[in-house]
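**Student:** Put chain B on the given structure of chain A with help from the hints.
Protein chains: 2
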Amino acid sequence: MRTVPANDLLEFAKVVLIRLGVPEEDARIVSDVLIQADLRGIDSHGIARLRRYVKGLKEGYIKPEAEIKIIRETPVTATLDGGAGLGQLISVKAMELAIKKARENFLGFVAVRNTNHFGIAGYYSMMALKEGMIGISTTNSEVCIVPTFGARAMLGTNPISIAVPALKERPFVLDMATSTVPVGKIEVYDRLGKSLPEGWAVDEYGENARDPARVIENVYGHKGGGLLPLGGLEEESGGHKGYGLALVVEIFSALLPGALYSELVYPVDEEGRPLPPNIGHFFGAMRIDAFRDPEEFRKDMDDLLRRLKNSPKRRGKERIYIHGEKEMEMVRLREKEGIPLLDRVVRDLKDIARDLGIVPPF
Amino acid sequence: MRTVPANDLLEFAKVVLIRLGVPEEDARIVSDVLIQADLRGIDSHGIARLRRYVKGLKEGYIKPEAEIKIIRETPVTATLDGGAGLGQLISVKAMELAIKKARENFLGFVAVRNTNHFGIAGYYSMMALKEGMIGISTTNSEVCIVPTFGARAMLGTNPISIAVPALKERPFVLDMATSTVPVGKIEVYDRLGKSLPEGWAVDEYGENARDPARVIENVYGHKGGGLLPLGGLEEESGGHKGYGLALVVEIFSALLPGALYSELVYPVDEEGRPLPPNIGHFFGAMRIDAFRDPEEFRKDMDDLLRRLKNSPKRRGKERIYIHGEKEMEMVRLREKEGIPLLDRVVRDLKDIARDLGIVPPF
Numbered sequence: 001m002r003t004v005p006a007n008d009l010l011e012f013a014k015v016v017l018i019r020l021g022v023p024e025e026d027a028r029i030v031s032d033v034l035i036q037a038d039l040r041g042i043d044s045h046g047i048a049r050l051r052r053y054v055k056g057l058k059e060g061y062i063k064p065e066a067e068i069k070i071i072r073e074t075p076v077t078a079t080l081d082g083g084a085g086l087g088q089l090i091s092v093k094a095m096e097l098a099i100k101k102a103r104e105n106f107l108g109f110v111a112v113r114n115t116n117h118f119g120i121a122g123y124y125s126m127m128a129l130k131e132g133m134i135g136i137s138t139t140n141s142e143v144c145i146v147p148t149f150g151a152r153a154m155l156g157t158n159p160i161s162i163a164v165p166a167l168k169e170r171p172f173v174l175d176m177a178t179s180t181v182p183v184g185k186i187e188v189y190d191r192l193g194k195s196l197p198e199g200w201a202v203d204e205y206g207e208n209a210r211d212p213a214r215v216i217e218n219v220y221g222h223k224g225g226g227l228l229p230l231g232g233l234e235e236e237s238g239g240h241k242g243y244g245l246a247l248v249v250e251i252f253s254a255l256l257p258g259a260l261y262s263e264l265v266y267p268v269d270e271e272g273r274p275l276p277p278n279i280g281h282f283f284g285a286m287r288i289d290a291f292r293d294p295e296e297f298r299k300d301m302d303d304l305l306r307r308l309k310n311s312p313k314r315r316g317k318e319r320i321y322i323h324g325e326k327e328m329e330m331v332r333l334r335e336k337e338g339i340p341l342l343d344r345v346v347r348d349l350k351d352i353a354r355d356l357g358i359v360p361p362f
Numbered sequence: 001m002r003t004v005p006a007n008d009l010l011e012f013a014k015v016v017l018i019r020l021g022v023p024e025e026d027a028r029i030v031s032d033v034l035i036q037a038d039l040r041g042i043d044s045h046g047i048a049r050l051r052r053y054v055k056g057l058k059e060g061y062i063k064p065e066a067e068i069k070i071i072r073e074t075p076v077t078a079t080l081d082g083g084a085g086l087g088q089l090i091s092v093k094a095m096e097l098a099i100k101k102a103r104e105n106f107l108g109f110v111a112v113r114n115t116n117h118f119g120i121a122g123y124y125s126m127m128a129l130k131e132g133m134i135g136i137s138t139t140n141s142e143v144c145i146v147p148t149f150g151a152r153a154m155l156g157t158n159p160i161s162i163a164v165p166a167l168k169e170r171p172f173v174l175d176m177a178t179s180t181v182p183v184g185k186i187e188v189y190d191r192l193g194k195s196l197p198e199g200w201a202v203d204e205y206g207e208n209a210r211d212p213a214r215v216i217e218n219v220y221g222h223k224g225g226g227l228l229p230l231g232g233l234e235e236e237s238g239g240h241k242g243y244g245l246a247l248v249v250e251i252f253s254a255l256l257p258g259a260l261y262s263e264l265v266y267p268v269d270e271e272g273r274p275l276p277p278n279i280g281h282f283f284g285a286m287r288i289d290a291f292r293d294p295e296e297f298r299k300d301m302d303d304l305l306r307r308l309k310n311s312p313k314r315r316g317k318e319r320i321y322i323h324g325e326k327e328m329e330m331v332r333l334r335e336k337e338g339i340p341l342l343d344r345v346v347r348d349l350k351d352i353a354r355d356l357g358i359v360p361p362f
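Sequence lines, in order, name chains A and B. The numbering of the first sequence is the working numbering, which starts it at 1 and goes up by one. The numbering of the second sequence is the working numbering, which starts it at 1 and goes up by one.
Pulled out of the complex, with its shape left as it was, chain A reads as follows (with noise of 0.2 Å):
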C-alpha cells in the first residue's frame, strides 16, 4: 500500500493518455473522471481502472481522437454516437450538452451510443448541481445480472445516479449499481477467502452462490450464473424490483440511443480482437425553476435531509447517512492524506510507465 497525493496522479494519467495519443484537454477530462473516483473512494473505477483503458487505446476498441456526432436533436433532447471514444470524454461532453439544453430550454436529456466504459456515474449527475439542476446519468455494461428466476446473465450492472441541490446542506447524490453488490465486493470476499452472503449471486443453476471464486469465473467465463439484483434471490425480497430497474436502465442507456444490449459480451473480429463494444448512456438534468421557486425547494431540501439524519437511530448505530455524504467526508480526507494505492495498482501502473517511458510520480 502506498499513498500518493491526488494531483500527481491525475498528472501521471493525463500524460499516459497524451502518449497514447489523447488530445491534452481530453485527456485532462478524462484523468479527471478517474481521480474524482479515487477521491470519493470508489476506488475500483478510479486509477486502478488505467490499465483497462491503455488497454483499449492500444488495441484500437477505444479511440484516441474521437468525433462524437448528433444523430438526432430537439431543443430539448440529443442522441449522440461517441464515435467509440473514451466513455468519460463523450460522457462529459454528453452532459453538458443536456446542460445546454436545459439551461435553454428547461430540461435537457442525451442519449448517447458507441461509447465505452464510463466510470463512476455520479461524476456526470454532479455537473449538474453546479448550475442548481438536477443530473441524472445511468449507463449500461457488460451483463452481470441475472433475472429472477433466471440462471444466466443478462443485464448489465447498470448503474444509476441522480443528483440534487440543498441549500445548505451537501447534496444528495445517489450512485448505485441496480444488483445487490457490484463483482469488485465479490472479488473482495474471494481475497478475504470469506464465503458470500445470500441474495449477492447466483450459481449456473440460478441458485444462491456461496463462492466467490466460482461466482467470478462464472461472471468473466459467461459460463452462468452471475449477480443478484438488488433485492436478492426471490420475489419475496424483491429481487424482481432491482431486475425492473437494470431493465429500465437498458432501455434508457442502450435501446434508446440503438446501443449493443443484454448479452453485452465485448465484440470481437475474425481474429479474436477487440472491437468497439458500443455502449450506451443516458443523461438528463433539469431546471427547478421549471418546477418551483428554486429557493423555496433548497430550503425543503435542507429541512428533509436534517429530519433524515436527526430521526431516532436504530440499536447501536449513531447515525443516518444521506446519499453521497460517505464520499464527500472522503474527497476531503483524500484531497489532504492522498489517495491509497494497492500494491497490485502500483505495480500496474509502473507497467504502464515502463512501457510508454514515462517516469512515474511514485
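Heads up, a few of these hints could be off.
One copy or two, either will do: identical chains are not told apart, so a pair holds if it fits within one copy or between any two.
As the list claims (entries may be wrong) - List time: in silico DSS-like cross-link candidates among lysine-lysine, alpha-carbon distance up to 27 Å:
1. LYS69 to LYS130
2. LYS130 to LYS336
3. LYS168 to LYS326
4. LYS350 to LYS55
5. LYS326 to LYS185
6. LYS93 to LYS58
7. LYS100 to LYS299
8. LYS317 to LYS223
9. LYS309 to LYS223
Don't read these hints as lab results, they were simulated from the structure.
**Tutor:** Just chain B now, kept in the frame of chain A:
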C-alpha cells in the same frame, strides 16, 4: 368471497362518487382507475379502497369538485395544484398534460401538489403507451419506510412506475413500491399468523421485526419502526439503495411541486378533523422519436424482452417474467371471470350503498 363483473363494480363506484358530489365524467375516470387496479390483481388499491375515498369526501379533506390550477408552466413542464381533489382525477389530468406537452415538444413532466391518494402508479405511466411514448409516474405517501440505520418511518412507500412500449411483445410496465413489500403484505401475514421474513420491517428499535401485528400497530400508530426499503436492513444487502430510491421519489413528487414531505401524518384541524393531506405526484411522458426511430426501438424492445424470457431458468422455475406480464394476464382472466371480493370488502361496499341509498349490484 364473491365474484362480481368488473363493469358492475365500475358502475357502482361511479354512482357512489356521483352521490357524494363528484361530477359524472370525473366519477367515471376515478372509478376506472379503481377497477383497473382490481383487474390487474392489485386488490389493495382497487374497489377495496372506495371506503377511504368515501370517508375523505364525507369528511371534506377530499373535494368532490376540486379546481385544478396551473401554478407554473413551461413548454415541457408544469406544476399543478390539485385543489385537494380525488388523486385519481388530478393524476389523469396531469398525465394528459404531460402527454400533450410531449406531443408538442418531445418531453412533458408535470409535478402536482395538494392532491390525495392516487391508487396504482401504473395507471398513469401506461397512459403514455397509447401514444407510443414512455410514461413515468411517482407519488409520495404517508410515512412508512425507515431509513437505513434508522428506527422511525420517515418516507412513504413511494412507488415508481415506468412504462415502455414494445412492438409485438406486451409493453414493459414496472410498478413498484420502494419498500421491500407494501403494508398490505404485512397485513396478510398477520391474518395468516405467520412471522415476517427478515428484510421486510423493523421494530421501534430499528431491528428486524418478526411480529406482523406489532409492525402494523407501530406503523398506523406512528410508534416507531416501519417498513424496510428495498434491499432490507443493512448496507450489505443494499438497503441504502432502496432508501435512496424512496428519497428520490420524495424529492420529485413532493419537493418539486411543494407538497408535504416526510413525516406525512395526515394533518388535522384544531378539533381533530382531518385536513387535506397535500400529497404530491410526479408524471412524465417522453417521445421515443426524440431519440431514435420508434420502429427500430420497438423492434429492439421485442428482442430484449424475448431474450430475457427465453434465457435459461433457475432449477425448478419454468418462467422468467417481464414486468407487467402477470398483471396483464390477470386482466384477461378477470375481464372474463369477474373480480373476486373478500367478504370484508363486500360488507364495506354494502354499508356504503345502504348509507347512500344505492342498490348494490351484488
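**Student:** Taking the hints in turn, state whether each one holds.
**Tutor:** Structure-based check of all given hints:
1. In this assembly of identical chains, LYS69 and LYS130 lie within 27 Å of each other by CA distance solely inside one copy; the values are 26 Å within and 32 Å between copies.
2. When the C-alpha separation of LYS130 and LYS336 is checked against a cutoff of 27 Å, the pair qualifies only within one copy, where the shortest distance is 23 Å, while the shortest distance between copies is 55 Å.
3. Taking the closest pair of Cα atoms, LYS168 and LYS326 come within 27 Å of each other only inside a single copy of the chain (17 Å); across copies the shortest separation is 46 Å, beyond that limit.
4. With identical chains, the CA atoms of LYS350 and LYS55 are at most 27 Å apart within one copy only, with a shortest distance of 15 Å there and 72 Å across copies.
5. For the homomeric pair LYS326 and LYS185, the shortest alpha-carbon distance inside one copy (18 Å) is at most 27 Å, but the shortest distance between copies (33 Å) is not.
6. Within a single copy, LYS93 and LYS58 get their C-alpha atoms as close as 23 Å, which meets the 27 Å cut-off; across copies the closest is 55 Å, which misses it.
7. Taking the shortest alpha-carbon separations for LYS100 and LYS299, only the intra-copy value of 25 Å comes in at or below 27 Å, while the best inter-copy value is 31 Å.
8. Taking CA atoms no more than 27 Å apart as the test, LYS317 paired with LYS223 passes between copies only; the shortest distance there is 19 Å, against 41 Å inside one copy.
9. Taking CA atoms no more than 27 Å apart as the test, LYS309 paired with LYS223 passes between copies only; the shortest distance there is 18 Å, against 44 Å inside one copy.
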